[in-house]
Structure formats: structure tokens, C-alpha cells
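Participant: Chain B: place on chain A using the hints.
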Amino acid sequence: MRNKLALFLFILLGVFLLSACSGTTIASSWPGVTVNQERVYIAYHQQIIALDMKSGSEKWRYPAEVNNKISFYAAPALTPDDGQLIVGGYDHVLYSINPQNGQENWKFSESKYNYVATPLITKDRIYAPTSGKALYALDFQGNKLWDFSAEGAIWATPVTDESCNCIYVPSMDHHIYAIDAQTGNLVWKTEKLEGSIVGTPAMDKEGILYFGTFGNLVHALDTKTKTDRWTYPTRNWVWGDPVLQDGHLYITDLAGDLIALDPQNGKEIWKVETNSAITASPLILKDKIIIGNEAGNLYAFDLQGKQLWMKTFSAKLLATVKYSDGMLYVPLVTKDDILVALNEQGEQSWIFSLAKK
Amino acid sequence: MWDQFIINPMVNVLLYIYSLIGNFGIAIIIFTILIRLLTHPLTASQMKSSQGLQELQKSKEWQEIQKKYKDDKQKLSQEQMRLYQEKGINPFGSCLPTLIQFPIIIGLYQAIIRALAVTPLQLFDFSKHIYPFINAAKIIPLNNHFLWMDLSQPERLYLFGFGVPVLAIIVVITTYLQTKLMTPSTQPGDQSAQMTQMMNLYMPLFIGYIAYTLASGLALYFVTSNVVGILQYGAMGKVNWRNLIPARSKPSEKSTGKTK
Numbered sequence: 001m002r003n004k005l006a007l008f009l010f011i012l013l014g015v016f017l018l019s020a021c022s023g024t025t026i027a028s029s030w031p032g033v034t035v036n037q038e039r040v041y042i043a044y045h046q047q048i049i050a051l052d053m054k055s056g057s058e059k060w061r062y063p064a065e066v067n068n069k070i071s072f073y074a075a076p077a078l079t080p081d082d083g084q085l086i087v088g089g090y091d092h093v094l095y096s097i098n099p100q101n102g103q104e105n106w107k108f109s110e111s112k113y114n115y116v117a118t119p120l121i122t123k124d125r126i127y128a129p130t131s132g133k134a135l136y137a138l139d140f141q142g143n144k145l146w147d148f149s150a151e152g153a154i155w156a157t158p159v160t161d162e163s164c165n166c167i168y169v170p171s172m173d174h175h176i177y178a179i180d181a182q183t184g185n186l187v188w189k190t191e192k193l194e195g196s197i198v199g200t201p202a203m204d205k206e207g208i209l210y211f212g213t214f215g216n217l218v219h220a221l222d223t224k225t226k227t228d229r230w231t232y233p234t235r236n237w238v239w240g241d242p243v244l245q246d247g248h249l250y251i252t253d254l255a256g257d258l259i260a261l262d263p264q265n266g267k268e269i270w271k272v273e274t275n276s277a278i279t280a281s282p283l284i285l286k287d288k289i290i291i292g293n294e295a296g297n298l299y300a301f302d303l304q305g306k307q308l309w310m311k312t313f314s315a316k317l318l319a320t321v322k323y324s325d326g327m328l329y330v331p332l333v334t335k336d337d338i339l340v341a342l343n344e345q346g347e348q349s350w351i352f353s354l355a356k357k
Numbered sequence: 001m002w003d004q005f006i007i008n009p010m011v012n013v014l015l016y017i018y019s020l021i022g023n024f025g026i027a028i029i030i031f032t033i034l035i036r037l038l039t040h041p042l043t044a045s046q047m048k049s050s051q052g053l054q055e056l057q058k059s060k061e062w063q064e065i066q067k068k069y070k071d072d073k074q075k076l077s078q079e080q081m082r083l084y085q086e087k088g089i090n091p092f093g094s095c096l097p098t099l100i101q102f103p104i105i106i107g108l109y110q111a112i113i114r115a116l117a118v119t120p121l122q123l124f125d126f127s128k129h130i131y132p133f134i135n136a137a138k139i140i141p142l143n144n145h146f147l148w149m150d151l152s153q154p155e156r157l158y159l160f161g162f163g164v165p166v167l168a169i170i171v172v173i174t175t176y177l178q179t180k181l182m183t184p185s186t187q188p189g190d191q192s193a194q195m196t197q198m199m200n201l202y203m204p205l206f207i208g209y210i211a212y213t214l215a216s217g218l219a220l221y222f223v224t225s226n227v228v229g230i231l232q233y234g235a236m237g238k239v240n241w242r243n244l245i246p247a248r249s250k251p252s253e254k255s256t257g258k259t260k
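Protein sequences, first through last, are from chains A and B.
The numbering of the first sequence is the working numbering, which starts it at 1 and goes up by one.
The numbering of the second sequence is the working numbering, which starts it at 1 and goes up by one.
One chain only, chain A, in its complex shape (with noise of 0.2 Å):
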């Protein structure tokens, strides 16, 4: 009779060890999110889910079935005739599928490490960056043209320089790269900065990158003279992608700031304390900007900072809200519901669930 109580103990004490374990061996992560004027992609969890934009309606997913080895939490890219949706996964492998029907077109399986960021795609080249240092870049068949290995995974879409027909990759390593685009060799390389860089550089037409880093600071940086014009320091890591437009920088931090700076001397121009994380990017309309917060806030601001809706979710909004024909579409970080449809003023036109399906 011991003997039972004591393997039923023992059984009892493997299935709490086991089940503590298991909700945290499932890499999960955001939604990423791309539109272009007729459909919302998402890659979630084990599928790329294409939507209807007006209607919110499901178009097709890839794979079909579910496959339990896959997933993907990258933004999808399109090519520029958006004939081909590229996507990275957490297996290993970078995919190309047709935007209208769901189907693969061909698929890259070198990498030994997880794709976390959306390629780079430029007018004849895909730039896949890995968590696992290397950087490739195929053509539009999917064939290796080269690649390149950092000290350390990139997490962030490199951004394409035509002035000097090179690509700079941001890394988690510390470092930003200049990368021949022909080649793949590397051009130069910053000192190693304060911290990691996970967001894509916003870059200007006199070749300033501007970028923030884990170390709590925006750099204003030279690529012609390879120093820094100025620096901003923030209250936490700057995460999102900083955004230049109109003569304003915009850049967030996970101390919840959304904060304008003057790209020329890295002045403050106004601050909004939100006081909940943000890792998105803001998303930058004519008359407004959009931002969510880990609270489940969604902000609209005008362009001087001032606030003119707000709307409560509950879910975290870890993702960039993304803009089409005068829809905003609003990743969600929740188990079921994953996609909200709005229009410019807050108001909710369709919300797309897992639990559909």
C-alpha cells in the first residue's frame, strides 16, 4: 500500500515538475503584421494567416495544416511587384509564398538559427537576417547570393544605403554593420555601443542613421565620418524603430515615452509619459500619430503631442500598428484574438480570432 502511495507521490511530482516546465518551452511572441492595399498577412504562432482587409475575412493559411515543428512571429515582407510574401521561421528556414493563393514558391533551409526579424527586401534582393549571427542575401528565386556572419544575432531589418550600394545591420551584439551590398563584405563597423539593438535605423538623405539602443540612448550617426552627431538619452531601452518624418524624429522606450527630437541637434521637441512600456514603433499618419503600450492603450496624438483618443484593450500592445487606405490594423497579444481593424478615429470595423477556426 506505501509502495502505491509513494509511485503515485512520485508520478504526482513529475507531472508538477513537467507541467511548470511546459508553459515556457513554447517560443511564442507577437504578432507580425504587413498589409498592402487589398490584405492583412499575419504570422502567428504555426501559420501565415491572410486576411480581407475590408471584411476581415480569412483568405488562406500557410501551411494549411498545422505543422507543430513551425512557427513564425516575423512580419512577412512582400516584394516590391508584391508577387512574393517572404517569411522567416522559428525553423530555421526563410519562405516565399504566393500573396494571392497561400502557396510556397520555394524555401531557404541553410540557416541553422530562427529568423526573429522581416528581411530586407530591395528591388531585386532579399537580406535575411538569423538570431544566430549570420545575415543572407538571396535573389528572387531564392538562390544564396552571399552571406554574412556578425558576432551576434540580428534582430532587426538591415536598411538599404543606394549612396554607397551598401546595407547597415543593427545587431544585438553591439554593433552596426556596413555591409557591401554586392558582396557581402563588410565595409566598416561602429565601436561596440552600449547596448543591443534590436529596431531598424530611420535614415536621412545626408546619410544620418539615427537609432536607439538597450543602453538607453538614441545616436544621431554620421555614416560618412562614422561618429555620432549627437546623442538623446532616454529612460529605458529604446526598442521600436525610430521614425523621421517632417522634420521630426520619433522614437519610444520601455519606459512608455513617445518623444519627438529635432534630427538635427537631437533637441527635445515635446514628450508623452504614457507610463506603460512601448516596443512598437509609432505609426506616423498626416495629422496623427499612433502608438500603443503594454497596458493595452492605444493612443491617437496629434503631431505636437497633444492627445486626441484613446482606446483600452485587453491585451498588450507590443506590436507597430500598421496603416492601410484609412484602416489601422492592431496586433493583439492575446491567445485568441490576435487583430483588430479600426478606423482613424478608434472605432473597431472587425477583429480577427484564432478561436474561428
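Wrong hints could be hidden among the right ones.
[Unchecked claim] Think about it this way: if two alpha-carbon atoms lie no more than 25 Å apart in a straight line, the pair counts; the simulated DSS-like pairs of lysine-lysine are:
1) B:Lys128 with A:Lys271
2) B:Lys138 with A:Lys226
3) B:Lys68 with B:Lys87
4) B:Lys60 with B:Lys70
5) A:Lys335 with B:Lys128
6) A:Lys311 with A:Lys54
7) A:Lys288 with A:Lys322
8) B:Lys138 with A:Lys189
9) A:Lys133 with B:Lys138
10) A:Lys59 with A:Lys311
11) A:Lys226 with A:Lys192
12) A:Lys271 with A:Lys311
13) A:Lys123 with A:Lys267
14) A:Lys192 with B:Lys138
15) A:Lys205 with A:Lys267
16) B:Lys68 with B:Lys58
17) A:Lys144 with A:Lys112
18) A:Lys144 with A:Lys189
FYI, nobody ran anything at the bench for these hints, they're computed from the structure.
Note that the structure is predicted; figures quoted are calculated from it, not measured.
Facilitator: Just chain B, lined up with the frame of chain A:
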């Protein structure tokens, strides 16, 4: 509560050690040794209890009730429990050192997985658990490679194209050695001894399975903990080497329970 009192302190101690040495594998090893030192009073107390059990089982009174109630298992159990209570002995004592590890194992596993965040959401969540005195910006991303292992993934050493779970095998061996060396010699027919023997057999396999399937950082913890445990018991003079040789652990021979 669990996060606040178990996971967060573990994560931050691990990070602090990592910030000093820059190697997550060595940080886990040092952290495990620290945990072993902190739980040393529990270990010593348990050892004392086990020794009491061993002495009780050799006593005349114990032998007599074994003979007297050999055909009445229920009565035998009652009498054994009476003796345990009289002598203030916990018959489950030999399982305790392993069972005590469970909350630590769960906490460490979650600490390792959080620290080696592989997705943006995991890293974001992790950033909120870091204490202000840790310069997180400087040490992130953590170097999760140690020897041939990626500490965030199950370990396999690829030899001639085959993935061999070397660390899981070492975990099974060291767990078996530890449980055998720490268990006092027992009397045949004793039900608690049978239970202990069963635990000694299944526990290494169970821990080995965990090491085989989960992050190798956890397997590194198991190996270190087992080796340190054996050394710890050895230093206290409590290692029972006779248990490794089945023929010599028979009750007809007088086991001293001392380190040779």
C-alpha cells in the same frame, strides 16, 4: 509570489554571476554550488535523520517486531510506525534531499529559459524581472554557448552523424551514484526500504529524461548538483560506498555507513 520569491532572485543571482565571468555555463555551475551551500543545513539534518533510521533498524526491538509480526503486515506497519514516532524518526528521510530539489529545479529551469530568451516577447518579459543593480544592457544578449552546448536547447553531441545525449547520460549516472551513496544500508522486507530502492531506481531515469528533453542548462545543474552533493556527503563522512557493491550490502555484514 512564485516569480517574486523564487524566479526573480534566481534570475538575478545568475545574471550577477554572469556579469562577473561572462560565461553562462560557468554561472550555472557557480550558482548550483551556492544553492548547495545554502541548503547544507537541510542536507545535514536529513543525514542525521537517516543515520537514526539506520541505527533503529539494527536495534533489537526492531528485529523482534520483524520476527513477531512477519505474517501480519498491517500490524508490522503499525509497530514500525510506533517505533518511528518513539524515536522521532522520519521514514521518508532518504527521499528528502532529492525531493527538496524540485522547487529549485523548476525555479532554475524557468530562470534559464527566461535568461536565454529566444523571442522578442520572451526578452521583453525578461527585461522586467531584472533588478536595477544589474547592468542588463551591457550583458544582453547572454552568451548561451558552453563547451559544445547551446544551453537553451536540449544537448546532443554529434558523433559520426548521431546526436548522443552525453549530458543526460552523465545525469543518470551521477544521480544514481548520489542516491546509492547517500542511502543507508537497509534490512530486507522493510517496506520503507523497498520504497527507497524503487526511488533509487526511478529517480535517476526520471531526472535523466528531464535532462534529455529540456534545456541543457538544466542538465548542467543536475550534474553539478550531483557531484557537489557526493563531495558534500563525503566531506561529512556519510558516503556509503558499500551500496555500490550489492553483494556487500547484505544485512549479514555490518555496515558502518562511514566513508572509507
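Participant: Which of the listed hints are not met by the structure?
Facilitator: Of the numbered hints given earlier, those the structure breaks are 10 and 13, listed in rising order.
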